[in-house]
Amino acid sequence: MNKKRARIQPWHDKMKKGIVFTLDALLAATVAASILTVLALSYHGSQYELAAPAQLYQTAQDVLTAMDKQGALKAAFPENDAQTQTRLRSFISNALPAYQGGNLTIEVFEYTPSSSCPSSCRLDGNSPVGAFCTCRRLNTNTGEPCNSNASASNCTQLARAQRMFYDYRGGSDVFGRATLEVWPK
Amino acid sequence: MKRGFLFTFAALSLFSLLLVMAANSFSADSRSSQLIAQSTLRKVSYAWDDINDDLYWAVNASVSQDGTNLTIGDGLPASHDLLRSLTAYGLFVQNYYRTPDINVSYLSISGPEIPLWQLGPPLQVTPFGMNYSYPDFGKNELIVQMPTENFSFLKQVHLNFTLAGNTFTDSVSNACSLWSPLKQCKQSTTNCFNLTVRITDSKGTLYNNAGCSSLDAGQNSNLNINLNDSGGNNGWIRVQVGKTPDLIDVKFQNANASVNSTFAFNSTDYQLNAVMRLRVSDLAFNASKTDSPHS
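Residue numbers (the numbering used here), protein chains in the order written: chain A, 1 to 185; chain B, 186 to 480.
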């Protein structure tokens, strides 16, 4: 009879153990939740780091492709620098989302089979079958952070895309190279 | 036992966490690979599209598709040295456009790599097998061919010439009399070719073959129009029709024209291809896009 009584634990002993278990479980759950949170955050962080430049590059290429297919790049050939800058600056500000900045550089080259350039151009490179003259270089610089300070923190995510365009004008093969830089604002 | 239970529980929890970490890490690696592959393919596709877009300009032709109608704008004969333009185009792509991680090559249909200026001029409409071509880039002759067995895919062709600096020598009001021979369609004609020819000279006078536009594609019909240029020199345009597979052959002498050729097919499911292939490769990731340039 005494032996049976000794095996029965009093109610307050059971409660103490329950508290210990509960505290232990809570501690384990907190540790687990913290580790999972850290993992999830680092996972999303790494995805963002990879995805963001790819998205910026795609935006830059899409804008350039739209410009080229609408003839907006080729239209630069007969224009002067100021006309081109005004027109393309407006195109870029309409095409890019408000949270992205962009700078477009246009370079115009003329092919010469004789290795002599028009007076407004300079000889750029010779090949066995002719040379290219660099005739114009302009950009749509708007004075935003990545234009004036390429080391600004948001410029580390800068994406660069390029597109070429061509026309035969005034008896010459004229080429253009458009380079669009896009960055998050 | 209670302590053992606690240890077991803790060990299981930690092991589960380890599994979750491994799964996350694997998933992140796999997603990174996907993103890199997607970016590489995008880069290659954008470059391919860019070069493809300007190739037609380099041969002074423009192409537009509107449903079943395909229109090719051309300047005949060539107003300048198109081989020089193609050479310049190839050099520009190589030296100014291509980035170090990208390679651009031009392949003949049979496979080997060739310089851009060695490409043949024909353009082909697939799947009908219709060729739009010139003997060379001098463009003194325009040749359109269509396999006889595919003739039924072609509903109608409009040839619209606008002459620059040439006038008609003779009256063109009696349009059908300028064809010799003229083989119009009969009830027994198997391949009846509906061809409208409109020629506008530099004074604005119009030739229109409206009264004799249904021609037997199985026989030869020839249109001959004499011209004068501004220097008083004689010239001509000759349009020969048939026999299939030769459908249209246009020749010029002392004449310059911008030509719009509209081909009306009975299907929208076609594509215009240059008879060559353009390959753009990413050297770092061994990814490439190879296809015939098309509209």
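Simulated from the structure, these hints should not be mistaken for lab results. Even for Gly, the Cβ is constructed at its ideal location relative to N, Cα and C. Misleading hints may appear alongside valid ones.
[Claimed, not checked] The list that follows gives simulated cross-link-like pairs (lysine to any residue, SDA-like), each with its CA atoms no further than 20 Å apart: (1) Lys187/B - His12/A; (2) Lys17/A - Tyr241/B; (3) Lys474/B - Ile294/B; (4) Lys74/A - Ile294/B; (5) Lys74/A - Asp238/B; (6) Lys69/A - Ser249/B; (7) Lys187/B - Asp13/A; (8) Lys17/A - Gly189/B; (9) Lys474/B - Thr65/A; (10) Lys371/B - Thr390/B; (11) Lys74/A - Asp235/B; (12) Lys69/A - Lys187/B.
[As the list claims (entries may be wrong)] Just so you have them, the derived chain B footprint on chain A, three or more residues with Cβ under 8 Å: (13) 75–82; (14) 89–97; (15) 113–120; (16) 129–136; (17) 170–179.
Straight-line alpha-carbon gap Lys187/B to Asp13/A, limit 20 Å: Distance of about 14 Å is within 20 Å: holds.
For Lys69/A and Lys187/B, compute the direct alpha-carbon distance and say whether it is at most 20 Å. 75 Å, violated
What's the verdict on Lys69/A and Ser249/B, does the C-alpha distance respect the 20 Å limit or exceed it? 13 Å, holds
Holds or violated: Lys187/B with His12/A, Cα cutoff 20 Å? 17 Å, holds
Establish whether the coverage given for the region 89–97 of chain A by chain B is satisfied; the threshold is a Cβ-Cβ distance below 8 Å, and no fewer than three residues must meet it. violated (count 0)
Please work out if Lys474/B and Thr65/A have their alpha carbons no farther apart than 20 Å. 18 Å, holds
Is the straight-line distance between the alpha-carbon of Lys74/A and that of Ile294/B 20 Å or less? 31 Å, violated
Would you mind confirming whether the straight-line C-alpha gap from Lys17/A to Gly189/B stays at or under 20 Å? Since the Cα atoms of Lys17/A and Gly189/B sit roughly 15 Å apart, the hinted pair holds (cutoff 20 Å).
The region 170–179 of chain A covered by chain B? Criterion: 3 or more residues, Cβ-Cβ distance below 8 Å. holds (count 4)
Given pair status - Tyr241/B, Lys17/A, alpha carbons within 20 Å: 84 Å, violated
Given the hinted pair Lys474/B and Ile294/B, is their alpha-carbon gap at most 20 Å? Satisfied, since the Cα-Cα distance of roughly 15 Å is no more than 20 Å.
Under the criterion that the straight-line Cα-Cα distance not exceed 20 Å, is the pair Lys74/A, Asp238/B satisfied? OK: Lys74/A and Asp238/B at ~12 Å, within 20 Å.
Hint violations for this structure: numbers 2, 4, 10, 12, 13, 14, 15, all remaining hints satisfied.
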